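Both chains are sitting in their own frames, so use the hints and assemble them into the complex.
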Amino acid sequence: MSDALAIAGHALREAVRRRVLLVVSLLTAVFLGLFALAAFEAFDSLEKVNGIVPIDERALAGGTLLGLAMFVALFLGVVLAVFLTLDAVRGDAERGLLQPLVVRPVGRTTLLAGRLLAASAVCAPYVVIVFLAAALITNAAGNFWPSSLFVPAAGLALGVITVVAVSLLGSTVLSTTANGIAIFMVFATGLAAGLLGQIGEGLQVDALETASSVMSWIVPFEALYQNGLHALTADIGGAAGVIVQLGPFGGASNVGAGIWPWAVAWSAVVLALAAWAFGRRDL
Amino acid sequence: MTAALSARGLSKRYGKTTALDAVDLEVAPGELVGLLGPNGAGKSTLVKIACGLVSPTAGAAQVNGATAGSRPARASTGYLAELFRFPSWARAEEVLALHQRLARSDGGAAEREQLLARVGLTGEGGRRMETMSKGMQQRLGIAQALIGDPRLVLLDEPTSALDPGGRRTVREVLVGLREQGVGVLLNSHLLSEIELVCDRVVIIDGGRVVTEGRPQDLTAPGGVEIETSDGVRRLPDARREDVPRIVRELVADGTEVYGVQVVTGTLEDAYLAAVVGRDG
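Chains as they are written, first to last, in my numbering: chain A, 84 to 366; chain B, 24 to 303.
Keep in mind that the hints were calculated from the coordinates and are not lab data. Given the structure is predicted, the values throughout are model-derived calculations rather than measurements. Quick reminder that beta carbons are idealized off the backbone N, C-alpha and C, glycines included. Be aware that a few hints might be false.
Okay, the calculated bits of chain A under chain B, using three or more residues with CB under 8 Å as the criterion [claimed, not checked]:
{"#": "1", "region": "151-160"}
{"#": "2", "region": "170-182"}
{"#": "3", "region": "187-193"}
With the rest of the complex left out, here is chain B (with noise of 0.2 Å):
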């Protein structure tokens, strides 16, 4: 099956500054990947070669089969820019009309209500963007990446500016994005958020791939707690499959067992080893 998204060996050089080098990545169909790092790391410059909008000095992207920035590959590509703006003139439903018709999209006024409905702003569309929030702009923003069905959607921070209700809106979209096939690339310093929906996470520093895979598997186990008349005891090393024995020893002790928790690291500490870690 065709990546949705495939760089190999990508680098981006600005003058002296090493941006991206030789960055490996591939999102499948159907697949979340979450793009982290400290700022600066490259994650921005990645996505921007993922639609065109930036060159590579080296390796090459595709998009669907397509060369990364190439008509088709731009044709298939949905993205929502970390920092955007919308003519402060234009109405919702004229944004998104337009983009409709760049896209090539034949949806005309369902689809654009179907979108406002999705990201949450139903009704909104006669709203001129400099009466929207910031948080509204950024979910017509998500609304417009959307236009066309695209197979690959690229998003850079695209709950910055959001509420928790607003995240909690994309994550549905990111969800339903997922059940269509569509792959997605979310880049986002919202650890929480990615930990939350993404397949896959990858975290780039210095322009390079440090660390990749599944939430869970990067995330390393933290012992078991558990709670017990004689208080809370951690047992650092202790694993899941432990805790039938070790309460059944504390039960047989005399011991009143309350409760049991077998803690996890979070992405959070994965990404700081990842990345403070290797800074030092």
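One chain only, chain A, in its complex shape (with noise of 0.2 Å):
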């Protein structure tokens, strides 16, 4: 465990040194500014209109700003999780960062432990801390809690941790450029699983929802921000219910309690095989 301490902070060390985490925190203020614009126009706009739409638009312009809150923040997060992670293994072999660190009696899991420890880390409290600030946001802006701030904020913490188990899994056997692109081509299909669902279930096709909800599960980042979705609006009902549920980028869903456990597995599963193929890879 010291070992994989001693990485991570070696890790950590770089984000800080590069300056990675400067920018982050610059643009996420930068996002936070206009969303906390965004968040008082839509609110003031309410006001104005009050009276005239006949479903409870607070809790709808609500509703949906969170939601969109969420969709950013994991978008963030997992940009953050990938360019942390995408040249962990095959990228640092390649430039000559690895070999002086592999030859220590250090075990490669560790090595990996650390990288995971490391980049969870920043992205997880990153996310939460990301979707707190839009929560405290909304209800300075409009007086607006969601049903949930737990869930969302969890679910977007683990979803990240998913990411980033895959990504160091792709960097044992990937270029670094092909690495990136295929964890963003990944992001995306849990997105496009997302929409699908919800084209499902406003068609009321069958099929459409159960390959969404499988992929969703395939790729479990994706069930924990639909899960989070649900949990943000559970509350909400109505017209307004019924819109907020579609959410933004995938619906919102009730994928149950067994997510979290899956998760967890689905991400030690991912690290034992990039353990395994870093473990068999020669330097």
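Right, here's the structure in full:
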């Protein structure tokens, strides 16, 4: 564990010294600023048109804004996760950074665990902070609280950890560029599955809904995202509830409590595969 | 006494390409062994197997009695890769401190200072990699390889980026390691370096050991050159033992003798004879 922490500390220092965290913080501040502007404008507009639309406008606006914030937090978290890990094995080996570390009496699995710890320690708190900041802004703008803050935040955190795991696996077999492309395609596949599910629900096509559900479990960050969206808006009823449950970029869905152990087990299996592939790799 | 490095029947194939073919090699404690061979001969593959970066297809290697690549073997090995890089953002001190921690060395700041001084980088611990020349980074790489007092040091082209002063420093480090009883396998294209410091030379070509021995045994005699009042005479078949007789005869003959030199072949000659001669 001490070795994994040493590797994680090294990776975190790299993120700080390369100003990754600084750039991310600045851009996130810009996003939150724009989000605040949008939130205040949206709720202000609702007050002007109050009574015209026969639905709970405040819940509709709050749920939609927070759904959008969830999506952005997930997207930014995935970008961060990918760029912190996409060259962890093959990329670092090709640049000659990895060999001096691997010949030390540290297991290759420990090296991977260190990289997982470092990336998770950055990405998981990041998505939670962005989401909670968006929730605070939404509350300040429109006095709206979602049905749950914990489930969406925890889902985002675990979701990006699953992406870190799959990016580490990719880094053992793919070049840096190929791995980056592959992970974003996996991410896009998850989103597409969510959209397909929305379409299937709207058109009452069971096959589409089933395919979407299966796909979201295959790439569990999507199932966690849908589950978080559902928890976010579960208490919103009526027409507003129907609209916000569709959610931006993939519909809300109560996928069940099984998604939590499934996502953890899925990540563990992916990391075990990564360790196996890394262990067999000639450097 | 357990060998610092012992390889038996070591082979490595990458698909249809044979990088190493049944190589036997031994490095004793306190012995400096030079590894020579043309590009693609299998030298780096051999070194990488010894430090656990590459798995052999057949055969076995042991480091200080432990299977090469195992944790105990790596714990007693220092390695400088041919193509290595330290993070550009890191300071020299940080690089060494990380490797100390991973190597479980408790030498602390004193060890870091001593290693930096040993490779001629005194006072440079606070410098970032991005501000260091390639030669300085190579010196730091050697310092990194010596962390934790390894019993076997594997150096893959350690002087490729160094100026003559740097090469001398490395030679002094190597001599110091021999005195400490550390086995060293030195992979280099610089034949003069190997000739100057190594106790034994192993020449590899096409993945096989083609010749090995002490540098002085590998170099063939090249005759005797005598500078006389009649000019320089070359006696290609003469040996060192013949010099007194030849000089006596010349002097008796009334020839002035100004100097005598016993000519020996160089390691380069031996290398070319072993590699080029073999390749035709």
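Each hint, compared with the structure:
With 0 residues having a beta carbon nearer than 8 Å to a beta carbon of chain B, the region 151-160 of chain A misses the requirement of three or more and the stated coverage is violated. Under the rule that three or more residues need a Cβ within less than 8 Å of chain B, the assignment of the region 170-182 of chain A holds, with 4 such residues. Look at the region 187-193 of chain A against chain B: 4 of its residues bring a Cβ nearer than 8 Å to a Cβ of that chain, three or more, so the hint holds.
The earlier numbered hint that this structure contradicts is number 1, and it is the only one.
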